[in-house]
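Construct all of the structure, not just a fragment, from the sequences and the given hints.
So the chains spell out like this:
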Amino acid sequence: MTESLHIRPPLLRVENLRTYFYSQVKRAFARSVDGVDLDVERGETLGIVGESGSGKSVTMLSAVGLVTAGPGVITGKVTFHDEAPLDLLQGLDSNVEIKHRNGRIMHIAKDNQAWQKQADRNLRGVRGGKISMIFQNPRAALNPFETVGKQIAESVRLHTGMKSAVQAKERALYWLEQVHIDSPRLRYDNHPYGLSGGMSQRAMIAMALAAEPRMLIADEPTTGLDATIQARIVDLLDDLKSRLGMTMVLISHDIGVISRLSNRIAVMYGGRVMETGPSAEVLDESADGHPYTRALLASTPRRENITASGHLPAIEGDVLDTINVPCGCRFRERCQRINDTVRTRCETIEPELFEITPGRRIRCWLYSPQ
Amino acid sequence: MSQPLLEVIELRKHFYQRRGLLDALTREADARIIPAVDGVSFSLHENETLGLVGESGCGKTTTGKAILKLMSMNGGKILYQSTDITAYTPAQFRPLRRDIQMIFQDLDAALNPKICIADTLREAIRVREPDANAAAVQSQIYELLDLVNLKKNKLSNFPSELSGGEKRRIGIARVLAVRPKLIVADEPTSALDVSIQAQVINLLRDLQAQFGLSFLFISHDLQLVELMSHRVAVMYLGQIVEMGPAKEIANTPRHPYTSVLWSSIVEKRSMEVPSGAGPNAWGVFDFERPSGGCRFAPRCPIYAQRGRPIECTDPDFPPMLKPTNQGHMVACHFPL
Chain A
0 MTESLHIRPP
10 LLRVENLRTY
20 FYSQVKRAFA
30 RSVDGVDLDV
40 ERGETLGIVG
50 ESGSGKSVTM
60 LSAVGLVTAG
70 PGVITGKVTF
80 HDEAPLDLLQ
90 GLDSNVEIKH
100 RNGRIMHIAK
110 DNQAWQKQAD
120 RNLRGVRGGK
130 ISMIFQNPRA
140 ALNPFETVGK
150 QIAESVRLHT
160 GMKSAVQAKE
170 RALYWLEQVH
180 IDSPRLRYDN
190 HPYGLSGGMS
200 QRAMIAMALA
210 AEPRMLIADE
220 PTTGLDATIQ
230 ARIVDLLDDL
240 KSRLGMTMVL
250 ISHDIGVISR
260 LSNRIAVMYG
270 GRVMETGPSA
280 EVLDESADGH
290 PYTRALLAST
300 PRRENITASG
310 HLPAIEGDVL
320 DTINVPCGCR
330 FRERCQRIND
340 TVRTRCETIE
350 PELFEITPGR
360 RIRCWLYSPQ
Chain B
0 MSQPLLEVIE
10 LRKHFYQRRG
20 LLDALTREAD
30 ARIIPAVDGV
40 SFSLHENETL
50 GLVGESGCGK
60 TTTGKAILKL
70 MSMNGGKILY
80 QSTDITAYTP
90 AQFRPLRRDI
100 QMIFQDLDAA
110 LNPKICIADT
120 LREAIRVREP
130 DANAAAVQSQ
140 IYELLDLVNL
150 KKNKLSNFPS
160 ELSGGEKRRI
170 GIARVLAVRP
180 KLIVADEPTS
190 ALDVSIQAQV
200 INLLRDLQAQ
210 FGLSFLFISH
220 DLQLVELMSH
230 RVAVMYLGQI
240 VEMGPAKEIA
250 NTPRHPYTSV
260 LWSSIVEKRS
270 MEVPSGAGPN
280 AWGVFDFERP
290 SGGCRFAPRC
300 PIYAQRGRPI
310 ECTDPDFPPM
320 LKPTNQGHMV
330 ACHFPL
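Residue numbers (numbering that gives the first Met the number 0), protein chains in the order written: chain A, 0 to 369; chain B, 0 to 335.
The reader is advised that the hints may include incorrect statements.
[To be verified] Every beta carbon over 10 Å from chain A, so not counted as near; a handful from chain B, in silico: (1) Asn156; (2) Gly164; (3) Ser263; (4) Gln325.
[To be verified] So these bits of chain A aren't anywhere near chain B, every CB distance computed over 10 Å: (5) Lys76; (6) Leu311; (7) Val341.
[As the list claims (entries may be wrong)] Straight-line distance between alpha carbons at most 30 Å, and here's what the computed DSS-like set of lysine-lysine pairs gives: (8) Lys25/A to Lys150/B; (9) Lys151/B to Lys25/A; (10) Lys153/B to Lys180/B.
Hints are computed from structural coordinates only; laboratory data are not their basis.
Note that beta-carbon positions come from the ideal geometry of N, C-alpha and C, so glycine has one too.
This is how it looks when you write it as structure tokens:
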């Protein structure tokens, strides 16, 4: 009884995260992530979907301290709640000095070294061990001078209690087997260049899992792979998810991949979450939803989406320029469902995420309760 | 049926893998031949789109480049409007460059970064009409921009100032400037976002309707190919394994590879791809190609199910592209 009353906080909570990059040329901030709130519950898979420049990757990279690019600012709160809550962005602000004049940012001074030091201190023991990441390009993530097996064994020894080399090797072989690599004993001694694209992607997944993380962040894990291999990687992640009960954040522009793997979905546009909810509801094409999500679903090349004139319903206009963010709703210039009753609000005030059903929230004036 | 616009007969292109010094000393010194395109034949009619699909490394792009003579060939023939252009010298081929154009995959490499959009288009128009006066050229530039739905204020911009979708449109506008009949579109939308991709696809379809263009549409995106094309050719390791009307290829594939390929569209998958395939089921792309017989056999679910029939690996009996019904061809001993 007491168990059920005691609600555990989400594993990762992102509150009002803002990541701005300063463009020296344009003397302005690119607001890549502009006030994002996300919760990742234990055991669930959260899919973050969005087009390029929507801030989906930068959100998660900021959360695990992998955004280091020169003069940029990260504010907000990222709490990782494993045994005790841990603020991953603690104390970073003190290393940045911003000078304003007439409300415009005139100068930024950032102590990069101190920033990095603080970020590393915050993330000690978290990165790799508690939160692992897999990237789009496995070739860049694997060390080309070391055999794949040794890299996985190293991950085992660093992040789990296993310290003996023999034990670590056995464990590495186990993980190679888990990701369905044939004859793991032979592949253990392969260098990354000796593996095909799909195989190095799986080796990287094995390396991430070998640390036995609480949470896995997969950033475009299937992009750039052939359809047949892509399907297998998705099957593999699906299988691992159910077998290991892993908490996962999946970042992709491919709605197909997201829909297969996620329990919950966050749709991002121009640095903001536009819609969140259970994946079945968000992706249900017959149901209601945010105009952007609907338009995105309709524009994917599928036979059902073709109109009578033989066209795909495209979203007119271009993806949002995060330097000159318009006031009001970010999507309004491309929105096809904007009407006269909401137009003035759309053009002047940015909507909040309105809760329409429990767990389903939409950032659009059409769904405003008033 | 009328004469096809383009006919490709038994096209072959081999690459040579050079061996290192150590290999040369220890083993035979000759280079290893990789048959990237190995006997590809197809024809393309006016106002038709032929989709070319396959996994990376199957020779789709090489085929496209060979048609434009951007790459030499090791064998086969290319007929354009029933004229054999295989042996044309670059000078002979030059007039045909106007008719046959290519849209390249890489947006940034296709446009000169130091030339503004207006000059890029002007240069292309001058190719077709070297003597046109400035005013006529200018009006044509506006027409082209109109065709690809771009605003006039972009004309003074440089490629780096454009978004991906705009760059792609300029690329298309430039190709249209010479009024081509045949466009080889190599992954025209792979670098674009979904919402922008739909715009470009619509544009290409409109242009085809307006000018009667023929497209050779090369892509790895199966759903896109299915939508864009009238007919689809599926390539596997340098050979066409199945060719037919787009709808039939997608709905009732006859070749096991086509079936595996289409069932691996992530969205459609609720079930497992026919398993029980050999060790290469993971699509390990290996240059050690099967020495004889069907190239797909090591990955083929049917081959495994039927208990490895001897025909499939018989080097004297490779599966040939045979018609199954109207306009549908398949290269398999045991079509589905």
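Do the hints match the structure? See the list:
1. Asn156: Asparagine 156/B clear of chain A: closest Cβ-Cβ about 13 Å, beyond 10 Å.
2. Gly164: violated, 6 Å
3. Ser263: violated, 4 Å
4. Gln325: holds, 21 Å
5. Lys76: Non-interface label stands for lysine 76/A: nearest chain B Cβ at 30 Å, farther than 10 Å.
6. Leu311: violated, 4 Å
7. Val341: Fine: 22 Å to the nearest Cβ keeps valine 341/A off the interface.
8. Lys25/A to Lys150/B: Satisfied, since the Cα-Cα distance of roughly 23 Å is no more than 30 Å.
9. Lys151/B to Lys25/A: Since the Cα atoms of lysine 151/B and lysine 25/A sit roughly 23 Å apart, the hinted pair holds (cutoff 30 Å).
10. Lys153/B to Lys180/B: Since the Cα atoms of lysine 153/B and lysine 180/B sit roughly 27 Å apart, the hinted pair holds (cutoff 30 Å).
The structure does not agree with the numbered hints 2, 3, 6 stated previously, though it agrees with the rest.
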